[in-house]
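Here the protein sequences line up with chains A and B, keeping their order. Per this note's numbering: the first sequence = residues 5 to 115. Per this note's numbering: the second sequence = residues 857 to 970.
Mixed in with the good hints, there may be bad ones.
[Unchecked claim] No farther apart than 30 Å at their CA atoms in a straight line, the calculated lysine-lysine pairs in the DSBU-like style are these: (1) B:Lys917 - A:Lys7; (2) B:Lys957 - B:Lys924; (3) A:Lys74 - A:Lys57; (4) A:Lys7 - B:Lys957.
Calculated from the structure, these hints are not laboratory results.
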Amino acid sequence: DVKVTQSSRYLVKRTGEKVFLECVQDMDHENMFWYRQDPGLGLRLIYFSYDVKMKEKGDIPEGYSVSREKKERFSLILESASTNQTSMYLCASQRYNSPLHFGNGTRLTVT
Amino acid sequence: AQSVTQPDIHITVSEGASLELRCNYSYGATPYLFWYVQSPGQGLQLLLKYFSGDTLVQGIKGFEAEFKRSQSSFNLRKPSVHWSDAAEYFCAVAGVDSWGKLQFGAGTQVVVTP
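With the hints as constraints, model all of the structure from the sequences given.
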């Protein structure tokens with residue numbers, strides 16, 4: 005069974021800190037994604053990657069960057085965290101043209 | 857641009873009763889359609905998907921959904937709900953050439969009462 009692991013379940017950071025959210029998948033999937041989930045808004049795509057060292061912007065990339073140095077790992081970076089980035093962050097992986105598999109999420113609070 | 861609307865933010869249903877969750881989409885061509893469920897504290901789990909063919913799709917946990925092109929709808933149904941069906945349900949749409957770039961609806965929270 006596919007496993008997508010997000011390294012932290014809960015994170016509390018201060019405004020202005022640099023924040024790293026880590027995601028690892030164990031099924032050699034080509035594609036990986038970062039979504040943000042907010043009440044009443046559903047999930048919104050931040051960034052995605054189709055291959056190592058490749059990245060593309062999603063619908064709401066502002067304030068975020070990503071890194072994919074290895075196929076199994078996809079990191080979301082908040083260069084300078086702000087309170088409006090308090091949210092649930094969901095990572096997903098996908099074999100080409102197959103459904104997404106999601107991790108359990110990281111709930112980030114920025115104070 | 858594609859979009860998804862889930863008109864019901866919150867639904868309360870009695871255990872054993874039937875459930876229908878509505879989903880309407882906007883997309884230029886026939887999209888790929890999905891229903892995901894999220895239990896408290898969990899990630900999203902795929903319930904079912906529609907790509908083409910039979911418009912009535914069977915999924916896991918006894919759920920089914922019907923694609924109606926004329927109404928741009930993809931409603932989710934279950935004949936008899938169980939207390940474990942209490943969760944948030946998301947409808948999503950993707951283009952044929954952009955599988956992973958799902959556009960999600962806002963979600964419907966389902967509460968099951970005894």
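Comparing the hints with the structure gives:
no.	hint	in the structure
1	B:Lys917 - A:Lys7	holds (20 Å)
2	B:Lys957 - B:Lys924	holds (22 Å)
3	A:Lys74 - A:Lys57	holds (8 Å)
4	A:Lys7 - B:Lys957	holds (20 Å)
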